[in-house]
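Novice: Protein chains in written order, with full-length UniProt numbering: chain A, 1 to 182; chain B, 1 to 357.
Please keep in mind that the hints were generated in silico from the structure rather than gathered at the bench.
Nothing here was measured: the structure is a model prediction, and the numbers come from that model.
Some hints could be false.
[What the hints assert, rightly or not] For lysine-lysine, the following BS3-like pairs were computed, each having C-alpha atoms within a straight-line distance of at most 25 Å:
no.	chain 1	residue 1	chain 2	residue 2
1	A	Lys178	B	Lys63
2	B	Lys73	B	Lys47
3	B	Lys73	B	Lys63
4	B	Lys335	A	Lys26
5	B	Lys69	B	Lys47
6	A	Lys26	B	Lys63
7	A	Lys149	A	Lys178
8	B	Lys31	B	Lys73
9	B	Lys73	B	Lys133
10	B	Lys59	B	Lys47
11	B	Lys69	A	Lys26
12	B	Lys69	B	Lys133
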Amino acid sequence: MNLEVFLFYAFAMLAIGSALLVVSLKNTARALFLFFITLFSMAGLFLFALADFVAITQIMVYVGGVLILMIFAFMLSNKELLADLQNISGSFLSLPSWQSVLLAIGFFVVILIGLKEWNNDMPEWILSNIKSGDIILPNDNNIQQLGIKFMTQYVLPFEVISIFLLMALIGAAHLSRKEENR
Amino acid sequence: MSEILIHILVPVVIFGFIALFTLFAVYAERKIAGFVQDRLGPMETGKYGLLQTFADILKLLQKELINPKATDKALFIIAPIIIFVAVFIGYSVVPWAPDFIPANTNTGLFFIMAVVSIDALGILMAGWGSNNKYSLLGSIRAIAQMVSYEIPVGLSLIAAVMITQTLNLNEIAYNQGILSSESIKFLGIWDVTDVGGILAWNIFQAPHLIVVYIIFFVATLAECNRAPFDIPEAESELIGGFHTEYGGIRFAFIFLSEYAMMFLVAMLGVVIFLGGWNTPLPNIGGLKLADWTTGLVWGIFWTFAKSLIIVGVQMWIRWTLPRFRADQLMNLCWKVMIPIAFVCLAASGLWRILVMN
């Protein structure tokens, strides 16, 4: 077993284990801090897909932004709300929301189908790409390719996301503005 | 096998460097404080008090590790490690000399920005885990400040990257001196590719980059919670801020990470704006000063010297300027620095399209 395989499984186990702990821990503060480990190991898994830019963005956006905002929201919410959150009944078979069960079963079926159809051979298109040398190597500069793709092939999604983010920004600025005395 | 050995050796050397740097930086800080305040500073231990910081670290190392009763133990213990590791990893992508860089990655600059933002999480962890009003207040102040000031830092870096066209710190340093593969123009007019020296530094490649560097410098001061932006640990209001409850070796690690962060941001500024390991001496006709002073040893020397000068300026500022109030701090960030940074961003784009073609 070489180092890469070992690291891959270590990150995968960390991600799954910490995610399970995040949803099962009673202590919300610790669960939130533990969520960091989930995100971090996910970033590690992205590295194995040679998506280093995505991995770093994951850390930057989720750890540097979203997670800290979540912890802030947790610290600023009142005690009763949190007590309510922490007193979820512990029994396994209680069904407070059946929608989530449906969703979970749906995803599980997707995974099962994927597992059934999986075989050890690589698909045709990957083999042909390897033959023609049309592949990304670990040392390649992905950022330039990303930039070109963003500005040509994926320019519409890119612009839509920008407008969406701008809307969110304006909304946030509007919400946080003080009410003027009328 | 030898490759793995190098992978282990490099972090150890960097850690040793950080520890040694911190020892001397603390001494320098006290001496500069003494000079500014017209007193002598440490004089008792060793000649001119040179051994004072060694005595301090010895004292810290043998102190008992105290766990206050009400702390969230796991968070309390992990927090200093996360704070230090976040800064420590940042050193892995900064070049010291031509091709003398722990990890030569294409995403170096972006990587540093991401990794340093983990630092904020560690501080929040320390503040929450200590279960102490002052610690929590200090950490919340620190986060508010760090998250806000990350924006001008990011914008100023983007403004510089638009000129350099790469995120690879090794290449950024390369393209600021005589070893550059592209042509360098001083202020966009005068081709200085063969002259090198101070004229080829990024800060002089476009006039607005000087403003960008000032923004970067001020914002990184706030980013590492240094005076005049040290409200997170304002001694007179908050005792010690987020590290109030820490003692012994845990406090030593928080302290170490603060000084490591100072040097890291100084070095980052040097690499991106001030030429990195390139010499400040230009080639003047037959006097090939730049050619003579470029190389491995010279590279390390120049990086080190420039970074130390920037660290010196950071200390000088700490002891001369009074602390900002919280609202002044936010005003400065959101109403002054971010708009200027945006203007510089636009200027960089225009400069790249109109002048550098």
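Novice: Are the hints correct? Go through all of them and say.
Specialist: Hint by hint, here is what the structure shows:
1. A/Lys178 to B/Lys63: violated (50 Å)
2. B/Lys73 to B/Lys47: Violated, at about 42 Å.
3. B/Lys73 to B/Lys63: holds (19 Å)
4. B/Lys335 to A/Lys26: Outside the cut-off at roughly 42 Å; violated.
5. B/Lys69 to B/Lys47: This hinted pair is violated, its Cα atoms lying about 42 Å apart.
6. A/Lys26 to B/Lys63: With Cα atoms ~34 Å apart, A/Lys26 and B/Lys63 exceed 25 Å; violated.
7. A/Lys149 to A/Lys178: The given pair, whose Cα atoms are some 42 Å apart, is violated under the 25 Å limit.
8. B/Lys31 to B/Lys73: The given pair, whose Cα atoms are some 37 Å apart, is violated under the 25 Å limit.
9. B/Lys73 to B/Lys133: holds (17 Å)
10. B/Lys59 to B/Lys47: Holds, because 19 Å separates the two Cα atoms, which is no more than 25 Å.
11. B/Lys69 to A/Lys26: With Cα atoms ~20 Å apart, B/Lys69 and A/Lys26 stay inside 25 Å; holds.
12. B/Lys69 to B/Lys133: Holds - the C-alpha atoms of B/Lys133 and B/Lys69 are around 15 Å apart, at most 25 Å.
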